[in-house]
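Participant: Listed below, chain by chain, are the residues.
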Amino acid sequence: MSIKSINEFLHALDSLPLFDHHCHGTVTEQLQRPDFEELISESSSPATVGTTRFDSQIGFQVRGACAPVLGLDSFCSPEEYMAKRTSMPSESINKKFLEATGIETFGLETGHSADMITSPNELHQLTGKTVHEVVRLERVAEEVAEKIRDQETYEKEAAFLEELDTTLRARIKNAIGVKSIAAYRVGLDFPFTRPTENELSKAVTKLLAQEGSIRLEDSTIIRHLLWFAIDKAQVIQLHIGYGDDDVDLHRCNPLLLTNLFRQSIGSGARFTLLHCYPYHREAGYLADVFPHVYFDVGLAINYTGARANAVIAESLELSPFGKILFSSDAFGLPELYYLGAKLFREGLAKALINFHEEANWPLDECYRIARMIGYENAARLYEVD
Amino acid sequence: MSIKSINEFLHALDSLPLFDHHCHGTVTEQLQRPDFEELISESSSPATVGTTRFDSQIGFQVRGACAPVLGLDSFCSPEEYMAKRTSMPSESINKKFLEATGIETFGLETGHSADMITSPNELHQLTGKTVHEVVRLERVAEEVAEKIRDQETYEKEAAFLEELDTTLRARIKNAIGVKSIAAYRVGLDFPFTRPTENELSKAVTKLLAQEGSIRLEDSTIIRHLLWFAIDKAQVIQLHIGYGDDDVDLHRCNPLLLTNLFRQSIGSGARFTLLHCYPYHREAGYLADVFPHVYFDVGLAINYTGARANAVIAESLELSPFGKILFSSDAFGLPELYYLGAKLFREGLAKALINFHEEANWPLDECYRIARMIGYENAARLYEVD
Amino acid sequence: MSIKSINEFLHALDSLPLFDHHCHGTVTEQLQRPDFEELISESSSPATVGTTRFDSQIGFQVRGACAPVLGLDSFCSPEEYMAKRTSMPSESINKKFLEATGIETFGLETGHSADMITSPNELHQLTGKTVHEVVRLERVAEEVAEKIRDQETYEKEAAFLEELDTTLRARIKNAIGVKSIAAYRVGLDFPFTRPTENELSKAVTKLLAQEGSIRLEDSTIIRHLLWFAIDKAQVIQLHIGYGDDDVDLHRCNPLLLTNLFRQSIGSGARFTLLHCYPYHREAGYLADVFPHVYFDVGLAINYTGARANAVIAESLELSPFGKILFSSDAFGLPELYYLGAKLFREGLAKALINFHEEANWPLDECYRIARMIGYENAARLYEVD
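Chains as they are written, first to last, in the UniProt record's numbering: chain A, 1 to 385; chain B, 1 to 385; chain C, 1 to 385.
Chain A extracted, bound-state conformation (with noise of 0.2 Å):
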């Protein structure tokens, strides 16, 4: 293939086959204006009096960008667009939306709110792609020490661990990777070496006294998930930076990990950073320096909207090009898909077409590099295609 204009190269970009390589489920259900907002925000208050949530770069680009898709005209107003969006029925407007993202593989995490949203199976369904789920350790954790709890067995702790094995073996058999939120559960700045036996034990105790149902939030038993993940040679997605306000941000740098992997190179894992703004630039370094170490930008693409251009731009630094992943991380609105598969295109592109005409980078390899942080790294990272 030989491309021979910018025109050319922007309209490869528009249908350049994407690989979401860490994204949840859409909801099915009917959304009123409240529950819309409070998806549009990693907030868990509603907006401040006075302030709505569609005045901010993502609710611009709801009103900007997918207003069109539903048939509304651009940068209609939040009312027209809830009065649209409330007379189609969900279905149909998921599938609008994710026809539009070209999205071709999903990477699907199934560990935050799974009743609340489609499962692989139906997201395969609503779109025809190949959908492949990333397990959620702690998730796994904490349904097996309930499970092992309320039951009645003798010598609970090794049972939890013996049906933890278990279980987590069968899990990653199904799927492509897994996921662990150390960072929201615990933060990032502890030593991640492998627990003793005696740690995990008194750790386990403490987590099966717990009442109701059990939320892990210790380290010992995170590290013990981690250095299974690690031993089994899974590919380890992490979440780093930005999120919701349940996460210490400033305990989310990713250079905290650093140890981790010098621990870990050699050992077949594999990891990939997830968001990581605003350290996605200490998230470039990692993946420069360590053969083992992937990063994307994704939840950022989506909420800086109009500036994804700059942070994408800023994701292109020390990273090899090899390293480099797109993920939407959408959750439960269809818009998300669409938004971030459409800023990632349109902020790549322009990413590349300024280092062709600051830097003579020849638009086909332009493309090639394109291609790879699209589709193909993903791919050879996740053994699939």
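Calculated from the structure, these hints are not laboratory results.
One thing to keep in mind: the hints can contain errors.
Here are the simulated lysine to aspartate or glutamate pairs, EDC-like style, with alpha carbons at most 20 Å apart [claimed, not checked]:
1. 206(B) with 248(B)
2. 4(C) with 73(B)
3. 350(B) with 314(C)
4. 350(A) with 358(B)
5. 147(C) with 163(C)
6. 232(B) with 358(B)
Here are the computed distance ranges between Cβ atoms for each label pair [unchecked claim]:
7. 112(B) with 88(A): 56 to 62 Å
8. 371(B) with 88(A): 32 to 38 Å
9. 46(B) with 80(C): 54 to 60 Å
Listed next, the stretches of chain C that the computed footprint assigns to chain B, with coverage defined by at least 3 CB atoms under 8 Å from CB atoms of chain B [to be verified]:
10. 271–285
11. 289–296
12. 311–324
13. 356–362
It should be emphasised that the depicted structure is a prediction, and the values quoted were computed from it without experimental measurement.
Where is the CB? At the ideal position from N, CA and C, for every residue including glycine.
Here the structure of chain A is known, so what remains is to put chains B and C in place on it, guided by the hints.
Facilitator: What follows is chains B and C alone, placed relative to chain A:
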């Protein structure tokens, strides 16, 4: 209103009304070059031998943008600038620059070198505009401490706390909010919990034992001041990030306040993060997830000069547009009000035109957002106008 | 001199004399592709399976900008590049690239793999230019320690300290400054106070007890070295920020040195912060507030390639223009000198033209600032020429 062209939009931004929610007074004395150079840098040292403070972003702004206000050619030499400036009465310089700012409302913080600079009333006389006071908490505590220490009282600790309470109540009645310089005095890396009576009592004893002019550098009393303000549902301005060499900048990351924001949700108190550079992206995240957190990039705008465009654009990422404010943080030189306002208008205009051109934002919507950030957000937050 | 057009300005920047105040020597042996790829990355691991180091910003710079220097087409394949390169004598490659840099003066740091690369004298022979030495403090201490350990001496601790003092005094006489890699060896997150005699004595005992080649990883002795240099009013180059995987990047934030800078004001010593990425904004702040702090964004320029423009622009924010320096930090490959110089010229030109166009900076003033940053600041700082 309907804006039909970029020229019309630029024109509208030139006369956008501004609410400068955080600034200090201007000096009223004649300034010679060494004093002037001292006031265009955050350093407490003279310029390095062989260099001049005029060779900096702000120095170039003074020569490029301030010179014409005084009737000089743009980019006249520093010598020409100082010659003209010292030939003019100080009040006339102050009036010329302040008039040219287009600032309609001032929030004047009165706790720093108040004897050298104009008071709220004097600034009102100079400008004819509305001037509100912002009370510096640490300064009030120091004044009360000196008074109590120096008078004959039994039980000085109790007397201090009572007098502090009375004084603060009186001061905030006539102010739109309070300011804390915790970042300067103790850094932000400690838990911002409410102090116990016992902790507080010990800290007060120590404070009152200081000789000479009292300097509050105790985190316990600062926490007491902050919780006073939270309990009174105040707007609390916080120094964040960049400042002079008195600050440990790495201990001024606003993310260190995450727990304080969690604890004070729903209290009625609101926080405005000032300056924030180079942590303005972090500030934008906090403004997104916490309904009572606002921020600005004042100070940094003046001092990054021709690069202020980039800083302002970066401030328009995660934060809802209803949570971003304008301040000049001008101190001493009327040039700093003028440059703060001018660079803010230009940088905001440039960012919004970019969003118009790249992401199709209608110019009317760009203008609506500009009005929010320039004035309306502050008016709503401080409940004035 | 009066520059009348942007073209004239660009032409002047193309031949701007450069003072590369921090670099290493070039290899003199023929290199095969694996060695070459190793030298265009900071990683100590081979490229990830399925990727090549040529698919990176620096790889694209080699193909785009270095290929024509060897008589090849821009963006020839890596295979063509390596074929041509291996067909040429190493000295001829070195000469071609070094001549094309326009570097007039070198500050050559001799402490890293000195046996593999050219010495100051050899670099002078290659280029005909002035080459000054920069002495790596830790290397001198290691050499002295090995010598003292291996000879028959009573009171080895005292002998070590005496010999260290004598050697350092001799070495700095022939050098323009010293370099410390404290960031690599112990991180920057400890108090940089002067060690006590007792602390020092214990640390020396431990150092001399090492077997084989001695590696200095002790913060006490490093503090001793730094205070030696401060007492001798040296220019002290400090590794900051980005480097290879041996570094804990989050412990290399230059802000961690704030107290060291406070303690050494007025000592006559000056500090140059090297590389700094991704903490170059923080470095700019330090260069503003401390009169004896300078910085550069070397290394990051080479490795961010087509994005170096953005990094250079960010380095032109808070710092006075008289405190910014140029370095390539080239090691091993002559391509790295060439790219460092070329990307620096282009990025600086681009930033300054932007300031000309957006903030009316006269082109003569842009050129004056370029000369300062490219050469004059370093000449004044190192007191040469």
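Participant: All the hints need checking, so say for each whether the structure fits it.
Facilitator: Verification of the hints:
Taking the CA atoms of residue 206(B) and residue 248(B), the gap is near 24 Å; set against the 20 Å cutoff, the hint is violated. In summary, the hint linking residue 4(C) to residue 73(B) is supported, as the alpha carbons are separated by about 18 Å, within the 20 Å threshold. A hinted pair counts as satisfied when its Cα atoms are at most 20 Å apart, and residue 350(B) with residue 314(C) qualifies at roughly 18 Å. Restraint check: the Cα-Cα separation between residue 350(A) and residue 358(B) comes to about 10 Å, which is no more than 20 Å; the hinted pair holds.
This hinted pair checks out: residue 147(C) and residue 163(C) have alpha carbons roughly 10 Å apart, not beyond 20 Å. Pair hint residue 232(B) plus residue 358(B) does not hold up; C-alpha atoms about 44 Å apart against a cutoff of 20 Å. In this structure, residue 112(B) and residue 88(A) meet the distance hint of 56 to 62 Å, their C-beta atoms being roughly 57 Å apart. In this structure the supplied range 32 to 38 Å holds for residue 371(B) paired with residue 88(A), their Cβ-Cβ distance being about 34 Å.
The beta-carbon spacing between residue 46(B) and residue 80(C), approximately 56 Å, falls within the hinted interval of 54 to 60 Å. As drawn, the region 271–285 of chain C meets chain B at 3 residues by the rule of a beta-carbon pair under 8 Å; at three or more, the given contact holds. Coverage of the region 289–296 of chain C by chain B holds [criterion: at least 3 residues with CB-CB distance below 8 Å; count 4]. Given a C-beta distance limit of less than 8 Å, the hint that chain B covers the region 311–324 of chain C holds, as 10 residues qualify and 3 suffice.
Using a Cβ-Cβ cut-off of 8 Å, 5 residues of the region 356–362 of chain C lie near chain B, which meets the minimum of three, so the contact claim holds.
Of the numbered hints given earlier, the model fails hints 1 and 6; all others are met.
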